[in-house]
Amino acid sequence: MCATNAIHMHAIREGTTRLSAPCRARCPVHIDVPGYLSAIADGRFTDALEIVLERNPLPSVCGRICLRPCEEGCRRCLLDEPVAIAQLKRAAADFGAYPVRKRSFPRPESIAIVGSGPTGLTAAYDLVSWGMHATILESEPLLGGMLRYGIPSFRLPDYALDRDIDHILSLGAEAKTRVRVGRDVTVSELAEENDAVLVAVGLPLSRTPPIPGAELPGVMSALPLLAAISRGERVEVGSRVVVVGGGNAAIDVARTVRRLGATKVHLVYRRTRQEMPASEQEVKEAEREGVTLHCSLGPVSIVGDDRVRALIAARCTSIPGEGRRAEPTIDEEQVTRFEADTIVFAIGQAADVTDLALPLTPRGALEVDPLALRSPAEKVYVAGDVISGATTVIDAIAAGHRVAALIYRDLTGDARPLEQLDEESAVLGKVPDAMASKLETRRRIMMERLEYFESVQSFEEIESGYTEYEAAREAQRCLSCTSGARLTREKCASCLTCMRVCPHGVPMLQLGGYLYFDADTCHACGACASQCPAQAIALEGHSEDEMIQRVQRQLTNTSLETTLMFACGSTPILPNIAPGDTRTLTVTCLLRASERTVLRALQEGATRVVFAGCVESTCRFPHARKFVRQRAARITALLEALGMTDAFFLAEYDDALDWHLP
Amino acid sequence: MIVMRQKPVTEIRDMVARHRRVLLVGCNTCAAVALAGGEKEVGTLAEILRLAMWRQGSQVIFEGALLQRQCEPEYVMQLDAEGYDALLSLGCGAGVSLLAAMIDVPVYPALDTMFIGVSQGLASWEAECSACGQCVLGKTAGICPITRCAKGILNGPCGGVSDGRCELGDRDCAWVLIHERLEHFGRTEEIAEIAEPKDHSIHTKCPAFGIVGMEESDPGEKP
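If you're matching them up, the sequences are chains A and B in order. Sequential numbering from 1 applies to the first sequence in this note's numbering. Sequential numbering from 1 applies to the second sequence in this note's numbering.
Some hints here could point you the wrong way.
Claimed, not checked - Derived coverage of chain B by chain A (criterion: at least 3 residues anywhere in the stretch with Cβ under 8 Å from a Cβ of chain A; other residues may be distant):
1) 4-12
2) 24-32
3) 49-62
Read the hints as simulated data drawn from the structure, not as lab findings. Backbone N, C-alpha and C fix where the C-beta goes; we use that ideal spot for every residue, glycine too.
Produce the entire structure from the sequences given, and follow the hints as far as they go.
Structure below.
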């Protein structure tokens, strides 16, 4: 623990430690968030999707229901609001094309995966990506586990889940549904037929409290209720429903019963609202949908005759300072009576492992080595919620990655995937004041969603997703932490141009004429990289060659009059150029289109290249505008010398022309 | 630093038009710093020349290479010029000359070598030295009369000065600046010293005499 952080900074300077943006560091699977946001900002949704898929096989799912630990780390939090990282992941899945890969299995190993929840799906995705055979066994008729049967469709509709699952199956993962392991086939049989068996069965059972009246008709458990709705079964709940619990399942149940026709929905939770494990956002939305919250109340008994009539709950006080798991004390004197037609318990999940015939601990859980994730039974691995207790989707995905890497290492001796998971990185600090003062505040773009009175009428998905334009605009709010300038020292001519170009003082001169780029303050505008005469500076995730490839892709099958337009991603309007064949390439800033790129485009089939951009009011990088003009002037001069006067122009939008007021 | 600027593209095009396969050679020292001949400019120039040839319907292949310094034989030896029938140097005059001396194909300059200068901020330089070979800056308080006086006179100012400005109207009179700075340092009496004419023969002597180095080095052993 170096007091001045010098060791840490030294490691970063020397390139021995990877530097991560806080969003990426906080994500349990470390998705390259700045990378895919910058692709979305350029309108490259397919590229963005591929970046997400490197680490997360369920972008369509996580884009909707992830609890987004990433957003808490967003460096924009201190300026205005975090970037809508999860919702942009959804945009990538909505508008990007899932990659189509040829199925190939260069490796002979086969792995049976019991359970098709996020852990099982992720493990299958990894193992088939590494060339192994993976077969998922699922007792329900459809894949997805808790994603399908535990999360209501107004939050995660089936089509969104199927998109991810279909992609995983397209890679070659096999699936056998309606197979109950333990009954239809045993784990030992699977272990005989395969090289490994992964048990990722999750926590499919609901707990019920041992209170009087819990056996009465009209008392339900959360998971069977949610599963029944997902299967399309009819569930009668009456008009007054009490939901007991404070987790996301409890909130989902409360919102579900609202949609089933319950008019009075009470949510009873025995701890305080601050201690509620459910996400703040979900709780707020449930309240807006008409769910009434009652905190610090614990169920003591259920009153009824031939069916449920009411729930009796008593005041609970949790002892502060004893942590979340401390049992609250119940004050039997202060009781509240909730009249109810139905009572749903959502107070916790439990494993169902008796049928598996695997070694158990004295408490009835699966016995497992916590590091190797192996059961004492031969070839059997265990991962996911079944050993960790209820977690979030993204944690379950992380568990799937880990167990897949362990299986791969044990079967092949290749520990690289495992090392990659354990790779350490330093995390970027908060936005320095000097930088914060130069940043423009920009509010998060709210997603179009159903009104609350509409949403409770049906199970229709509440959020309709960003449009492509909204997604690009929102992604432009990203500060591109850690995707800024990277210097290749060997190429650097120490000309100091970068220092003279950067308005934020990011490049700093060190002894010996070396430059050091301070990642904390870099905005990733690209001005230095665009001016570097030695091409020693590159932006993470951007290269001139890549840009030229994009140009080439745009310019296939050109006509005699094809215009290539480089459009600034922040430009809300594109210039009205003569009708005809116009191909548009959106770029983060026009500076990413170098002189070489433009000149190349003119040889690749473009008869004219247009720079559309530099709208003062929407520009993200105001200091870059003069360089854009300079570059445009240079290109124009070069082309004019060759007599190509019409081949290039810069279409600048004059804000002044847009004034309607006198 | 030596400051260079790129020649008009048409001039470069016409120089190399008769060749088939041309290698553009950048220089990662002064030329790169002068934003005229680093890797970026090599790429841009190659591209505009390809475009120029393509428009003329002639097929000339342009490829790029970069040397750390074109004025050092060891670096030039690293250049693989095999298969090219001409080189286009994006270096200063010294670079062009050394390439021409060491590589047996025609070498053309893509840049004009301007002066030795100091940086005035982004992409701007001011001439401060003319490499005259007999430095007088010690006597002129660090202001070069050869470079900054339009006439390059050693005893000034001349009669063309008015209000401290040169009669050309585009600059301050170097000699007025020299007088002011000498006065600032309390060296006013030195102003009256008459400077002897410089030995211009240094520029007309055999080039081998221009070699600066250790006494024992044999001037005949030019690379």
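Is the listed coverage of the stretch 24-32 of chain B by chain A valid when you require three or more residues with a beta carbon under 8 Å from a beta carbon of that chain?
holds (count 3)
With a C-beta cutoff of 8 Å, work out whether three or more residues of the stretch 49-62 of chain B approach chain A closely enough for the coverage to hold.
holds (count 5)
When I compare C-beta atoms, does the stretch 4-12 of chain B have three or more residues closer than 8 Å to chain A?
Answer holds; 3 residues pass the 8 Å Cβ test.
The structure is consistent with each of the numbered hints, conforming to all of them.
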